[in-house]
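Keeping the supplied structure of chain A fixed, place chain B upon it in accordance with the hints.
There are 2 protein chains.
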Amino acid sequence: MSKYFLHGSLNAIEGKGGELADLLLEASRLVADAKGCSLYLISIDEKVPETVWVTEVWDTKEDHENSLKIEAVRSLISKAVPLLAGQPQRGHELSFLGGHGIS
Amino acid sequence: MSKYFLHGSLNAIEGKGGELADLLLEASRLVADAKGCSLYLISIDEKVPETVWVTEVWDTKEDHENSLKIEAVRSLISKAVPLLAGQPQRGHELSFLGGHGIS
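One line per chain: the protein sequences are A and B, in this order.
Quick note on numbering: the first sequence equals residues 1 to 103 in this note's numbering.
Quick note on numbering: the second sequence equals residues 1001 to 1103 in this note's numbering.
Hints listed in this document are in silico derivations from the structure and should not be mistaken for laboratory results.
Treat the hints loosely; a few may be bogus.
Stretches of chain B that chain A covers, calculated by requiring three or more beta carbons in the stretch to come under 8 Å of a beta carbon on chain A [claimed, not checked]:
no., segment
1, 1029-1040
2, 1085-1099
Covered by chain A, per the in silico footprint, the following chain B stretches (three or more residues, Cβ under 8 Å) [claimed, not checked]:
no., segment
3, 1043-1050
4, 1053-1067
From a predicted model like this one, the values you see are computed outputs, not experimental measurements.
Every residue gets a Cβ at the ideal spot worked out from N, C-alpha and C, and that includes glycine.
Just chain A, with the same shape it has in the complex (with noise of 0.2 Å):
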C-alpha cells in the first residue's frame, strides 16, 4: 500500500526564514515520534531565503493530519503563525511507491 507524500512550502515575512526554519527543524524533532511519520524533511531555495520547504512521508493521511493537533505541535504552529507572509498553502500530496532511504 502506497504511503502519503506530501511537499510543501511556508513563506516568512522578510528576514525571518531563518527562524521559521529553525521552527520547522524543532518540528521534526515533534513528530520523529509521531504515529505513522516516517519522513519529515527541512529545505530552503537559497534563491529564495524566505521560503521553507517541507516533504513529508506519513502512513497515512489521517496521521498526518492527527500529528496537527499533537499539543506541543499546535504550540510550535502558533508561534510559527507570527512569522508567516500570507496564508499558507496545501502542498503538493502525492502517493509514495517505494524507493531507498527512507525507514
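Okay, now just chain B, sitting in the frame of chain A:
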C-alpha cells in the same frame, strides 16, 4: 553543511506511467550504493498517473551528477527514454537543512 535536495518529475507516454515508476524504483535500488545518496524516493500523483515524481537527497550536487555516469544507471536511463513524453525538466533544487527519517 546543507545537502543537495532535488524534487522533480518525469512524464510517461499514455499507459506507461506504471512501467516508468517500476524502472525508477529499480534505479532507487541501484543508487542506494552510490556515493553520497541519502534519499531516492518514487511517488505518483493518483490524478496524473503518467507523471512519476523523484525526490532525492545527496551529500553534494556533484555526487548526484556522478551517479548518472554509473553504467547500470545509464542502462536504466536508456530503457526509460522511450517511455517518456517529451524532454525531462530539471527538478526543483533545494538545500536540505535537516529533519526526521533520513540517515
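We went through each hint and held it up to the structure:
| no. | hint | in the structure |
| --- | --- | --- |
| 1 | 1029-1040 | holds (count 7) |
| 2 | 1085-1099 | holds (count 8) |
| 3 | 1043-1050 | holds (count 4) |
| 4 | 1053-1067 | holds (count 3) |
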